[in-house]
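K.L.:
For the protein sequence lines, the chains are V and P, in the order given.
For the first sequence, counting from 1, position 411 maps to 874 in our numbering; every step adds exactly one.
For the second sequence, counting from 1, position 204 maps to 562 in our numbering; every step adds exactly one.
Derived from the structure by calculation, the hints contain no laboratory data.
Check before you lean on any hint, since a few could be wrong.
[As the list claims (entries may be wrong)] Subject to a maximum C-alpha distance of 20 angstroms in a straight line, what follows is the list of computed DMTMM-like cross-link-like pairs (lysine to aspartate or glutamate): (1) V/Lys-521 - V/Asp-467; (2) P/Lys-559 - P/Glu-605; (3) V/Lys-661 - P/Glu-393; (4) P/Lys-601 - V/Asp-714; (5) V/Lys-488 - P/Glu-393.
What you are looking at is a predicted structure, and each value in this text was computed from that prediction instead of being measured.
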Amino acid sequence: MFEDLIQKLDVAVRKLRGMGKLTEKNIGESLRTIRRVLLEADVQYKVVKEFIARVQSKAVGEEVLRSVTPGQLVVKIVHEELVSLLGQANVPIRFGKTPPTIIMIVGLQGSGKTTFAGKLGRQLTKMNRHPMLVAADVYRPAAEDQLAILGESINVPVFSMRRTTPIKIVQEALVAARKQNCDTLILDTAGRLHIDEKMMSELDEMQQAVKPTEVLFVADGMTGQDAVRSAESFLNRLDFDGIVLTKMDGDAKGGAALSIRYVTGKPIKFISASEKLDSIEPFHPDRIASRILGMGDVVSLVEKAQEAADAKKMEKLAQKLRKQEFTFEDFFDQLQQVKRMGSLSQIAQMVPGLGRKVGGMQMDDDALVKVEAVIQSMTVEERQRPHIINGSRRKRIARGSGATIQDVNRLLKQFQMMQKMMKQMGRFGMKKFPGRVQMDF
Amino acid sequence: MAENLGKWKFGLQRTRQKVFGKLANILAGKRSVDEALLDKIEEVLIEADFGVDTTLKLIEAFKEVVRGNMSWSEETVYFFLKKRIVEMVSFEKEQMNQYVIEKPHVIVVVGVNGTGKTTTIGKLAYRFSKDGLKVLLACADTFRAGAGEQLSVWADRVSADIVQQKRGGDAASVAFDALDAAQSRRTDVLIVDTAGRFHTKMNLMEELKKICRVLKRKMETAPHEVLFVLDATTGQNGMNQVKLFHEAVGVTGIVLTKLDGTAKGGMVISIHQKLGIPVKWVGIGEGREDLLEFNAESFVEGLFE
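For reference, chain P alone in the conformation it holds in the complex (with noise of 0.2 angstroms):
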């Protein structure tokens, strides 16, 4: 776990770099608060994906703590961002859901397209295995070519059982099936993989209703947990997104995928704000062990510091 926060580390270094040396140069022989500079902060904002909300509500706190103290050294600068926006990221560590108090615990992953749903799946059912609890992994994804041979795959690598049907079943009878197995075989974990859907297509919306609705029909408190995963490339779409997934299922937490790059997935702090779901993982490479609990001080420090 150390070589992968080092990694992860390893990942900001380089955004820290790149974001601070920016504004390092900018307030480098500048100590008074003026337009160049909250334009700086501006940029640093909007090119992490804020938003122009948000990065607006960022500098107008920033202009109100400011206001008739014009001098300012860099430090307090970072200082008062950095606080700001951990305080906006952050949430209570009971969100984080306990896992295994009933079994099987129900997890269903969802998300547009390509955002890498499968293998933030391989990666969970990895650290899940490691704690010694019994996964099932579910492929309720019966559209996409080679998804389900994709999630087998996985499931030998961290040794998990799996479930499936052939392409083109139905995706909420897996679903069913998968419970009615993981019940019988005394499993921990149950997750269900999703195919990729777009929060625009109405019937496909309706899919992942159903999905969720056989699974609460099997077991009232199912599902416990409906991730949702989130390219860090995203831009001011994610929002939406989010919301519309959040309005159909109910998302309880987002799983921030490729922040190993050079994406900065700014996005989750204007949808934490306006819809009150957090980060909970944070996905950093394509090995099974590069999945990180969500930390919003190392996050909010990859921007900045």
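Bound conformation, chain V alone (with noise of 0.2 angstroms):
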């Protein structure tokens, strides 16, 4: 569902992504694009406001300056702010101590709730739950032969009764709920407008009497800048526990579940798509948050790089590789220093634009396993002085390691290679050595 908006954001931070040095200038050319991707996407226009203040004060703060890729580390800032709109980890229906629970959905005509009623009927039904389905909308023409056709498709039962309120419906109701032995009632109340005082007294109301486990909130999620003041209106009215956001099967791109999250402070439980009763899911912010960082991380991988290179020894290495005496013992710490990082594919999902064209391919770190013993299967002299291996030493090594001769070759060749670029690079100085190596299996 934010598919589209994590995309046109990572397009607007793109250009910032290689910037070596930011100026005001190319900070507010992103920001104003960042800025039109989220109103365009329906986030409620403080909302955005907001967002793009707390990222503007955080990208010109002495950390990003300092820091070795600046351009990305506003990136993070964008991505971290992102998921902070979207929430923790999912929050899912509490139910009460004792039966039956009472889960109250309210919200705007046609958002979609007696559908989600019936969608929750049958999810509740799939967790060997008994629901009821309660019509206690008396207004809307044939509402409760709507929830009844729906009730019956998925064999749960429906309560309903004519010309009577809203309350009395659910009194009377939980006494059929104690008599069938359902556990869990499912209120589907009337839409109504969030300024409509009467309409919404009888919330209160209903509130106060029935006392409901769960209040959720339904959303449609193709509202526009509205969708605040009416969530706003119910939260201060019922004080629901969470959200739920409904037609999320168009091509809306969901910027009022941000705000509307981001306003009342309260979870989206759920996301809802479709009229197909299975269609129904819980909303997972963690996951489409990590997809968020998914879309390239260098800023952690060069966290990574830091944290699992040994000071000590990169100053010992880069005067090694000053006098040129770049030896095989080396060359085997720099690999169990890439191997404190992670595995290979761990570390592709770090890079910008190859972790999503990696995700779940498997990468090979067999081959580094094998480079490895390789090594290890060199004596000490072979390791300091790769030149005096002759045919006959690598026949031995080859059979010590298991690896084939030609692997043997290969490594001695690419090793080659590697001293000569290096004795380039001495010349150049050792600044950006660790970032560096080209290791190329």
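Hey, can you piece these two chains together into the complex? The hints should help.
P.N.:
Rendered as structure tokens:
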């Protein structure tokens, strides 16, 4: 659902990525694009404003200016802010200690309450609960018919009464639920406008009379700027426990969802798409977040590399390189440091653009193991002075490491090339060494 | 009707106080055009769902006019914006369909889920029958649970006839039968209710095309009107909705519903600009009289005055 939004934001910040130096001009330009993308996705005006302000204040902070990759750090800030808009892990529905649990569903007209009630009923049945649907909408023509048909199709009892008040209906439904051994009541209330005082106070009264375990606010995922106004009004009246986003099967970008969550501070518990009764999903912000972060996180990669690198060894290595004494022993150390950063596929996830392409593909960690084995089969002298490795030594190393002679030859050749490269680099200074070792196995 | 106009005005009053209040505060004691004023105008327009493009266009136009004239009174700012936006949503009276040149006048009502199609049809039917026209309703929403029942209740309320089939039936054949019945009963207006559907669902859009095709086969000029029902709370997605429905079946007008809430429905301006489809009706409540002919002045006043 947020794919399109995320992708557009990605494009907006991509320009910054490679930038070694940030100026107010290039940050400003990217922030303007980000702002526009968010507004076009229906994120509420004030939410966008705060979002941009936070990114801006962090982006001109000292940490960014001192960073090795300032552009990338700004990208990371944008991602982090987006994740904080989304919220943390999934918050499931609470059930009461003593049955019945009462789940009250509220929202504007046409937001999809009745369809959601049916979907929730079905979901609960799958969880081995015994729900009952209660038609507490006495206003919309044929609302109880719609619920009755839904109930029948999912095999869940429906309680309805004509010509009475919603509170009376719910009270009678409680009695019926006990009789029929239903442990969860799903109250489908009438759609109402948040500024309709009479209808809103009906909800108040209902909440006080039946004390629902959980109140869910259903919001249309395609809503524009008004989403925040209605959600806030409902929150002030009812202090609902969670948000349900419906109609997420269209091509709306879901900005309303971000705004509602941000403004109310309540978790999005479900997202629902289409009218098929199976299409309801618990919402996992952390999963979307990890996808956002999966868009490439060079910063963590650099951080990891710095953590993994032993400063003293690095210094020693740098000296050796300056004297052009890079040996197989040093190479072995390097390999160990790379391994400490994680598996190759984990590292690949952090490389911008590569993460998504790799997704799930098995990277060849075995190749590294082979290289290690070959080096370990060398004598100390061979490791320090590789040029002494002649034909018979090669044969011995191959046998000892379980590799073929061709493997050993290939490694030696690559090592020679690496030495040559090191020499050239040595002439230009070693500052950027840790990130630049080329390992092309 | 007067009472209803009052109701709309009341709805607008709230926005008026809010929006006008906000803008007026900024302008109080301030007579020169600066960034703060432009920002405030931007906020008001974006929060009314005008969208970034239309908002920027209006602001650019405003800057163009004020260039070299740095002191403006708040009245002139309103006057300018109001005039511009009214121009943007106005349309020629001829575009408003004249009902019953030909019998039956066939109207197909379309839209995504939950925008208020069936309620709108009830109100339209009430209006026509009050004018002494004979109305037939066709329930071509054979998918949603309770759709037929809901339309029947409306048919009773406004004393119109109804044609429906059992749930799961073929929508196009309901439309065909209904047109057949309308022709033989000498009905003045036939209104076809369709199932809410997402513009992105190809198969459902094909079904909609088929409904129109079948009507056309029976009566060459039908459908005379395709009304797209747009919920005023809809955000920027509204543009794509109307665009794809228009490409499929040729939308002739928009019914903007739920304007009695706090949403302004600013999307219709961009839609009118880009697709040339006018708003014809506005829905302002659940009662049978809560449907008004669109009035550009009132609509825009609701945003600013």
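K.L.:
Work down the list of hints and note, for each, if the structure agrees.
P.N.:
Okay, the hints, checked on the actual structure:
Of the pairs offered as hints, the one joining V/Lys-521 and V/Asp-467 is violated, with about 25 angstroms between alpha carbons and a cut-off of 20 angstroms exceeded. Proposed proximity of P/Lys-559 and P/Glu-605 is supported: the alpha carbons are some 13 angstroms apart, at most 20 angstroms. Proposed proximity of V/Lys-661 and P/Glu-393 is contradicted: the alpha carbons are some 42 angstroms apart, above 20 angstroms. Restraint check for P/Lys-601 and V/Asp-714: the C-alpha separation of about 13 angstroms stays at or below 20 angstroms, so the hint holds.
Between V/Lys-488 and P/Glu-393 the CA atoms are separated by roughly 18 angstroms; this keeps the pair inside 20 angstroms, and the hint holds.
In this structure, the hints that do not hold are numbers 1, 3, in rising order.
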